[in-house]
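A.B. asks: Residue strings, one per chain:
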Amino acid sequence: MPSFKLVWRNIMRRPLRSVLTVASLMIAIFLICGLRTLITTINAGVEHADSRRLAVMSATGLFVELPMNYQAKIDRIDGVEMTTKFQWFGGYFRSLKHFFAQFAIDPVSLLAMYPECQLPPEQKAAFIANRTSCIIGDGLLKDPEMNWKVGDTVPLIGALHPHPDDKAWEFQVAGIYHSSVPSFDNRTMFIHWDYYEETLKRGGVEPGVGVFSIRVKPGADVARVIADVKDTFQDSDQRVDCQTEAEFQRQFVTMFGNIPLFVGWIGTGVLIAILLATINTMLMSMREQSSDIGVLKSLGFTDGSMFGHMIAQSLFLAVLGGGAGILLSWATQNAIANGLGANFPGFEVKNETFVLAAVVAIAVGIVAGIVPAWRASRLRCVEALRGTE
Amino acid sequence: MLVPLSYNLRSLFVRKSATLLTVLGIGATVAIVSGILALKQGFATMFTAGGRDDVAVFLRPGATSEGDSQFSRDRGLELIKTVPEIATGEHGPIASMEAYLAVLLSPVRGGVTNVPLRGVQPMTFELRKNELHIVEGRNFAPGSDELIVGKRLVGRIQHCAIGETIVLNKTPFKVVGVFEHPGQFGGEIWGDLDRLLTAMNRYGPNRIVAQLKPGTVIGSVDPKDVLTNDTPPEPKPGSMAARLEHDPSVPAKVYSEKEYLASQTVMLTGILGGLSFILGLIMGLAAVFTATNTMLSAIAARTHEIGILLATGFRPFPIFLSFLFESLVIGLVGGVVGCLMALPFNGLKAGTMNMQTFTEMAFAFRVTWQVLLSAVIFSLVLGLLGGAWPAWRAARLKPTEALRGRA
Amino acid sequence: MSEVMIRVNKVSKAYERGNETLVVLDQLSLEMAAGRFYALMGPSGSGKTTLLNLVGGLDQPDSGGLFVAGENLAELSSSELAHWRSANVGFVFQGFNLIPVLSAIENVMLPLSLTPLSRAERKKHAELALELVGLKDRMHHRPKQLSGGQEQRVAIARAIATDPKVILADEPTGDLDRASAQQVLELLSRLNAEYKKTILMVTHDPHAADYAQSIVHLDKGQLGRIEDKQPAARGA
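In order, the protein sequence lines correspond to chains A, B and C. The first sequence begins at 1 in the numbering used here and counts up one residue at a time. The second sequence begins at 1 in the numbering used here and counts up one residue at a time. The third sequence begins at 1 in the numbering used here and counts up one residue at a time.
Some clues are possibly wrong.
As the list claims (entries may be wrong) - Listed next, the in silico PhoX-like pairs over lysine-lysine satisfying Cα-Cα at most 25 Å (straight line):
| hint | chain 1 | residue 1 | chain 2 | residue 2 |
| --- | --- | --- | --- | --- |
| 1 | C | Lys220 | C | Lys136 |
| 2 | B | Lys129 | A | Lys97 |
| 3 | A | Lys5 | C | Lys144 |
| 4 | B | Lys129 | B | Lys258 |
| 5 | A | Lys97 | B | Lys236 |
| 6 | C | Lys144 | C | Lys123 |
Unchecked claim - A short, non-exhaustive set of chain A residues, derived as facing chain C with CB atoms under 7 Å:
| hint | residue |
| --- | --- |
| 7 | Arg13 |
| 8 | Leu16 |
| 9 | Gln118 |
| 10 | Thr302 |
| 11 | Cys381 |
Said to hold, decoys possible - FRET-style restraints, in silico, Cβ to Cβ:
| hint | chain 1 | residue 1 | chain 2 | residue 2 | range |
| --- | --- | --- | --- | --- | --- |
| 12 | B | Lys174 | A | His48 | 26 to 34 Å |
| 13 | B | Lys174 | A | Ser51 | 53 to 61 Å |
| 14 | B | Ala141 | A | His178 | 55 to 63 Å |
| 15 | C | Ser77 | A | Gly264 | 17 to 25 Å |
| 16 | A | Gln118 | B | Gln370 | 44 to 52 Å |
| 17 | B | Glu180 | A | Trp265 | 25 to 33 Å |
| 18 | B | Leu5 | C | Gln182 | 17 to 25 Å |
| 19 | C | Ala87 | B | Arg315 | 26 to 34 Å |
| 20 | B | Leu285 | C | Asp205 | 23 to 31 Å |
| 21 | B | Lys174 | A | Met82 | 36 to 44 Å |
| 22 | A | Ile366 | C | Leu128 | 14 to 22 Å |
| 23 | A | Met82 | B | Gln370 | 50 to 58 Å |
| 24 | C | Glu131 | B | Leu285 | 47 to 55 Å |
Derived from the structure by calculation, the hints contain no laboratory data. Idealized CB from N, CA, C, for every residue including glycine.
Model the full assembly from the supplied sequences, consistent with the hints where possible.
C.D. replies: Shown next, in the form of structure tokens:
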């Protein structure tokens, strides 16, 4: 390739065209980053699952409650180190616009079993001490109307479990947790099981448990523990299903149905469109440069160097556009995460996605450059000079 | 005097590769946008097709969907007996209590998914006689451990075929029929209310549906307000909705079925609409850039010809129109190509999670003529936007300079 | 000076046009001495440009031998030919063919980038070449900012930058007005006289041909007559 200067000058030969091409590439790479992140976010839970944790739920479905007394039976199974329980509270703050998840839990065992839920020690102590308190994820605070502080009282309308006094439930914020992994949702509220149980019973409702979480002892045979848990409840009113945390998370992934597939199709469409656009640009600039290529060849530049010259231009555009797209995606990910909110929690572009985007951009640059570059290398300079390309 | 259109058509053909690449680029963009529109259309059809104005849905006050609503059996019965607006047929009030539950089943392709299970009373079939049809096998016998499955589940979810057995908790249920319903019920499993409540250890139904006497005005608040407003307005004073909200014996929130379904789809329709809009905008922008590039290069290569046209006496405006036409043709052909790419998606089954009830929703892509029309209009807009600036540049060329070949 | 710079030995070249075969050069044999200025004349289609391109290694003959600057061109691969061109020949075209996106000096430096010279040396060489053609003051102009005559002189500077033995010019004055044409021709004569370059110039114009020491006439792909002029005619 003759020189980088010539590559650059040829790109600036039609500044508008180059800018438009780079802008299209930027848009495409930005979209690919975003679409890819939708899929990685869906899968995040599976990847970060703790191999020592198991989930126990009703064999019928997630919305069928298990009796509370199952916990004691599970605790007695050999190999079980610790258990904790989760129950979907199903309330909302003001309106469904501010939708977020709430779970009734036991604070001591939850915090012991989920070290990824990070809380300053004094807030942890305050949460455990106060039965009507709650902790909330720092992700919730991004909603300007839910920008709560420690000490605030949060009123929730109990859609699933109305308060027996026909009023809103109230919880004091004892702490704000930070999640160290994307699989532990940072937009959740945790409330005291004891308070929840007591209040429901006052209204004549017997609470049930959605999911029991088990931590097995180090070195325990996980497969055997799973089998034992299932066997224990084989003849009870509610049969249970016991899965590793990874499998449990995966069931949410499969619930997205073919959405990930469609997202993949959209990404492919974007990729095809941008590839065609870049090939188009490169063919146009190749056509304009054909007489230059003839001259360069007459000066003694080889066919191979002309190939490189065209590929370099294509790559340069792709790197510029790809880089801009990656930057744009990086700069906007927080805004997008906020925009998606609880409908799609945990949107965060992974480094692997940026690497993938960079590879895609470079590949587009090379592939789009190949046909023009090949034509340039095959161009017979006698004809190129005569202008009858 | 207008420039002959054949001039532009021939030029498009001469520059085949650039034209083709641009057409395909626009085609891919249009295909994606119309694909999402088709998805949205399929979704909207599924949810609103069954939505009726003369059917009321009763939920517990404060509940947001049938998933978190709950009545006891006695109260439900009382409501059906006491609400005077409920229409009466030969066998009593045309109303049914319904239990709604998600059960974990395996799709044919593997994994697990939550499929909606609905326990209904015989009067349901009177209520739905014009919309729900058994297309295979027979209806379940009241009080028996039998099920009928929605046609959209057949082939997608394991054991959803006549003669198969679905075990709910510990009770085996036999599939005896397949029914068709254009709305959401077409993706559900139905069985006898009391048998299902027993099998699933539930103490009562989730909601009550009833046919209303002709002319009944419910007067409920707009469900969209309930979902998105921090302080939703109260039902109209004196209306049926306002009265039931504070009924001393069985308080209930009441919607027309149409309104209820709209409230359930507000989120996903919004997401799909927003997605098609954002993707259309972003990808459309890229497609416009490509079209602009192609047209600019077409004009640069034909500067000399433009000079001849100008010298022959063509005015700038017809030249502007001429190039705009060329770009519109590219857009139109791209739109048609995009539609052709989107057409095979028609009828393709899709399933995704309903974020409000965590159940799987089965629906199909619907490439309707409205979708195709919007796709073609979209492609023409792309052509117009992509061609406007280059055509304007062509029209502003000075004849002398153009003849010398300087753009 | 009787050393042979260019030897054309029974060279044939034909082109396919449609399903017709067009014989452009037919068993042509010719020798040209080093250090002389040749004009190549003949009617359209007589094979002048084809011969020039073959001598310059831009094209390969169908048969026959081509020896230029001591190398048998028929034996070289396309990349070897490219290297050979960069060291041995300089081209001047009718349409100037400067690279429009590069300035005058950058155009002249282009062939030098194929040599092992350092950047500073390349710059020096290029400036020298531009000085020789009288355009050192215009070295940062882009081709579009130069007149036709100036563009052609930059092209000549580019052709001589690597100090090749042979300069091949195809209708170098074809697109120029009379005054510019004269400047260009005088420049070529000077390169021949002062720097002993072997020059082969295709031209239609008898005026231009007057500057050469020998005029080779081609007709239908075969050698016509060769007019040798007195070496003193143009003050060599």
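A.B. asks: Now, for every hint given, state plainly whether the structure supports it.
C.D. replies: Hint check results:
| no. | hint | verdict |
| --- | --- | --- |
| 1 | C:Lys220 x C:Lys136 | violated (42 Å) |
| 2 | B:Lys129 x A:Lys97 | violated (36 Å) |
| 3 | A:Lys5 x C:Lys144 | holds (18 Å) |
| 4 | B:Lys129 x B:Lys258 | holds (17 Å) |
| 5 | A:Lys97 x B:Lys236 | holds (23 Å) |
| 6 | C:Lys144 x C:Lys123 | holds (22 Å) |
| 7 | Arg13 | holds (5 Å) |
| 8 | Leu16 | violated (15 Å) |
| 9 | Gln118 | violated (57 Å) |
| 10 | Thr302 | holds (4 Å) |
| 11 | Cys381 | holds (5 Å) |
| 12 | B:Lys174 x A:His48: 26 to 34 Å | violated (42 Å) |
| 13 | B:Lys174 x A:Ser51: 53 to 61 Å | violated (40 Å) |
| 14 | B:Ala141 x A:His178: 55 to 63 Å | holds (56 Å) |
| 15 | C:Ser77 x A:Gly264: 17 to 25 Å | violated (46 Å) |
| 16 | A:Gln118 x B:Gln370: 44 to 52 Å | holds (51 Å) |
| 17 | B:Glu180 x A:Trp265: 25 to 33 Å | holds (28 Å) |
| 18 | B:Leu5 x C:Gln182: 17 to 25 Å | violated (51 Å) |
| 19 | C:Ala87 x B:Arg315: 26 to 34 Å | violated (56 Å) |
| 20 | B:Leu285 x C:Asp205: 23 to 31 Å | violated (55 Å) |
| 21 | B:Lys174 x A:Met82: 36 to 44 Å | holds (42 Å) |
| 22 | A:Ile366 x C:Leu128: 14 to 22 Å | violated (40 Å) |
| 23 | A:Met82 x B:Gln370: 50 to 58 Å | holds (57 Å) |
| 24 | C:Glu131 x B:Leu285: 47 to 55 Å | holds (51 Å) |
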